[in-house]
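Peer 1: Listed below, chain by chain, are the residues.
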Amino acid sequence: MVDLIKSEWERLWLKKSTWLCFLAIPFMVYATILYYAKKNMMILQTSPEYTNFLNFPVAALQEQLISAINVFLILFIVLSITEEYRSGQMRMVMIRRYNIREILFAKYIVIILVMFLFLSYYFIFSFIEGYIFLPKDKTTRFFFREDIFLAKDAAIYCLKYYFLAFVTIIAVASMCVFISLISKSTTVAAGANIAIVLFLAMGTEIVKIFAQILGHAPPTKVMFSSIVHIQYKGIYYLLSNNELNSWIIFIILAYIIVFSVFSYLYLRKKDSFI
Amino acid sequence: MKALILSELERIWGRKRTGILFILNIVLIFMICAFVNFYKVGFYGPNAYIKLNSLNFSPFVLREGHIILACIICPIIFIDCLNYEKTSGGFRLYMIRAYDKFEYIVSKWIALSITLFIFVISIFIVSNVFGFTLMPKTEYTELVNVQGEYGLISALLYNIKFYMIEYMILLCILGIASLVSVLVPNAVLAVIATIAVIVGSIYVWDGFSFLLFSTDEIFNALGGINTAQFFISLIGIILITVLSSGVIWKKKGYYF
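First to last, the sequence lines map onto chains C and R.
If you read the first sequence in this note's numbering, its first letter stands for residue 1, the second for the next number, and so on.
If you read the second sequence in this note's numbering, its first letter stands for residue 275, the second for the next number, and so on.
These aren't lab readings, by the way, just hints derived from the structure by calculation.
Backbone N, C-alpha and C define an ideal beta-carbon position, used for all residues, glycine too.
Hints should not be assumed to be uniformly reliable.
As the list claims (entries may be wrong) - Chain R is faced by these chain C residues, among others (derived, beta-carbon under 10 Å): (1) Val-71; (2) Ala-151; (3) Ala-189; (4) Phe-210.
Said to hold, decoys possible - With a cut-off of at most 27 Å between alpha-carbon atoms, the simulated DSS-like pairs for lysine-lysine come out as follows: (5) C:Lys-269 x R:Lys-525; (6) R:Lys-525 x C:Lys-184; (7) R:Lys-525 x C:Lys-15; (8) C:Lys-208 x C:Lys-136; (9) C:Lys-221 x C:Lys-208; (10) C:Lys-233 x C:Lys-136.
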């Protein structure tokens, strides 16, 4: 199994697109800095929206997690699963005594490891570039938290935020692996994955608008059953002792377990040798 | 040339996913119509809105419909035709014929623009039928950013103009997709790069925002706000992307 993971790891890093995605990180962070530097001029310093280098890693991740990082994740998954599965390249690995479930499990592990590496790089770069370009205050604030954070606490908060973001990425990855497995060609796989992420992002807004029309308060439990909404707001909730926390954790676990079971059942039904 | 275009069209509509996407598009447009019908008010800016009736209903369907078209449906159909055949090797089978290499990509463009026209006209028909049957009926209506009252014929002409410009914006996306798919070696990368260019162009210059949020810009252009700039950037994008992708296609090696 370790050999299989090693070989998948090598195969992922042979692709130029993986290197390109990692090379794009500093530029993504710099674009976010430009956006927040413009926004800072219009906001009071005491507001949690005001970004200095202490809360910038979190602010930078919140916007990019639902857009760019999800898209990179979809790219890795479709390139390593649908492409190799449907074009028959995977048969080369199956000459060895591994079966298809082991191979896909290895791919899943490798993708999660790469995303862990990706998030760590993103954290380091956002910290360094934020330190260079953004105001260097001694304290900072975060959303949904009343207390003022000193440098050490803020760093711990950021690390916790990144860890939870990583957990939600595992959930999105399980969903996308299943969708990429069942789609027949790579274009459909990419389109379907992006459509579902877009639907989960836009769906919560539509639910909110419908609730407004009918005169109810927005149904938070329904809105937080979308993993993209959890990525956007739920992580702040999780770090601020909200009563919804158990529901959010339940949804994340449900995504991971349900889609893993689906993929497993799909692969059980299929012929083991493609 | 005509035979090439016909074979290209057959191949596009022969794929099951084109039909599925077409039906999905119609169903989603119906859902958006029902959604807009809840309000009976159409937004054309952050805080600007207008009361809707049977005559001015159809442009507002594109507010959400354009995002679905531009980010999901167009990339899949375009990249399937322009890049997937090339990278999977299916293109080799029919480039055996003795046509000039340039004719292949021109036939692809023409076939795709015909397909696109079918999609846009179906949205136009569905939204107008919905508007005339279910929205409150009036003889005269107000239009966005334009002074005065409009009757049936002039309002319909306005809607047709609106959909023509929407079609040109989608042709812009076709140009971007063809440039991307000539440059990028892989279909997945091409789909994602096309979407990334459409979304990322907003960060480059605000004038490109019509690629993603088309309706607001079309209302402005038809109302006489920044009309020249809008049309110059629109036609500029189409010409530059189409010409450059044609040249690169011609220059690239003949026997893939």
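Peer 1: Does each hint fit the structure? Answer for all of them.
Peer 2: Against the structure, the hints come out as follows:
no.	hint	result
1	Val-71	holds (6 Å)
2	Ala-151	violated (31 Å)
3	Ala-189	holds (7 Å)
4	Phe-210	holds (8 Å)
5	C:Lys-269 x R:Lys-525	violated (47 Å)
6	R:Lys-525 x C:Lys-184	violated (32 Å)
7	R:Lys-525 x C:Lys-15	holds (25 Å)
8	C:Lys-208 x C:Lys-136	violated (37 Å)
9	C:Lys-221 x C:Lys-208	holds (12 Å)
10	C:Lys-233 x C:Lys-136	holds (26 Å)
This entry does not satisfy hints 2, 5, 6 and 8, going by the numbered hints stated previously.
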